[in-house]
Amino acid sequence: MNAEVMHRLMVVDDSNVIRRRIERAHDLPGIEFVGAARNGVEALEMHARLKPTLVTMDLTMPEMDGAECVEKLVARDPELRILVISALADKLTAIEAIEKGASGFLCKPFTDRQLNDALRKLITG
Amino acid sequence: MALESDVAVFVDGVLRYFQNTVQQAAECGTPYLAMDADPETSDYTGIIRIDGRREGMVAFTAPKSMLSVMLMRMQETDMGHDNLCDLVGEIANTLSGNARRDFGAQFNISVPTVVFGRSGPLQYPDSTRPIVIPIHWRNYNARLIVCLKD
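Residue numbers (our numbering), protein chains in the order written: chain R, 1 to 125; chain H, 1 to 150.
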């Protein structure tokens, strides 16, 4: 791993297009993309293997949804910072995600700049 | 919520989606009620089922060429069938999910299903008529089909 890399990013989303977009669009120094999962079950398995320090998390997914996965990941690793990225744009959903342990919330559709701003807040906040 | 308000929620969502995702504005044509309850679908159709306080479905249907150019605008290099299905489902998911801002958290959405090709009519709730919102982007035409019970 590069000595300057301070954060290891895992992307969780059931959309391949979104996973690849986040992988391409993040351009903050110190963040290394380490892997992507298609649902909560895969995310839990990959977390154990890849040891990410940052996660972007969709909510509406098959197998295990994002809210349940956030809860399980934070129980396993309280230091993990999770940015929920979801089309569910109501305040209640955002509050529930934060209560389950997420560190931030970004609504789809997002611009590259909004993504990087949200990731920056996550690692500096 | 009145029909006009329902339509406005989805029109706003369409405009926001194109502006944020492909950084080019789309235009919405005049929405209309489908008189025969069977609006024409295009090459790819993403469908979201709605339940909770409102019931019904939201579908986004678009030609392959339009979805391919959208992927290019998103810097995606793989314009294959799987990614086209993925994109059309994600658009339907995003437009439905965004509507919760106005319809409330009891507006529950499914994961998307995708239909390829003009393979027959969509399944609408009984005694409803779909609202069709025409979408124009560059030289392409797509439709958002919204069918919700009151």
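FYI, nobody ran anything at the bench for these hints, they're computed from the structure.
Glycine is no exception: its CB is placed at the ideal position from the N, C-alpha and C atoms.
Check each hint, because a few of them may be wrong.
Claimed, not checked - Just a few of them, taken from the derived set where beta-carbon distance is under 7 Å, the chain R residues facing chain H:
#1 Asn16
#2 Arg21
#3 Arg24
#4 Leu28
#5 Ala87
#6 Ala89
#7 Asp90
#8 Lys108
#9 Pro109
#10 Thr111
#11 Leu115
#12 Asn116
#13 Ala118
Hint by hint, here is what the structure shows:
A cut of 7 Å between beta carbons decides the hint on R/Asn16: the least distance to chain H is about 5 Å, and the hint holds. Interface restraint check for R/Arg21: the shortest CB-CB distance to chain H comes to about 6 Å, inside 7 Å, so the restraint holds. With a cut of 7 Å, the hint placing R/Arg24 at the interface with chain H holds, because the nearest CB-to-CB distance is about 6 Å. With its C-beta approaching chain H no nearer than about 17 Å, R/Leu28 sits outside the 7 Å limit, and its interface hint is violated.
Of the supplied interface hints, the one on R/Ala87 holds, with its beta-carbon coming within about 3 Å of a beta-carbon of chain H, less than 7 Å. A cut of 7 Å between beta carbons decides the hint on R/Ala89: the least distance to chain H is about 4 Å, and the hint holds. Because the closest C-beta pair between R/Asp90 and chain H is about 4 Å apart, less than 7 Å, the hint holds. Given hint, R/Lys108 at the interface with chain H, holds; its Cβ is 5 Å from that chain's nearest Cβ, closer than 7 Å.
Satisfaction of the interface hint for R/Pro109 is found here, the shortest Cβ-Cβ separation to chain H being roughly 4 Å, below the 7 Å cut-off. With a least beta-carbon distance of about 5 Å to chain H, the hint placing R/Thr111 at the interface is held under the 7 Å criterion. Taking 7 Å as the C-beta cut-off, the interface hint given for R/Leu115 is violated, the closest approach to chain H being about 10 Å. Taken as an interface hint, R/Asn116 does not check out: its beta carbon lies about 14 Å from the nearest beta carbon of chain H, beyond 7 Å.
For R/Ala118, the interface hint is violated, since its Cβ never comes within 7 Å of a Cβ in chain H; the closest pair sits about 13 Å apart.
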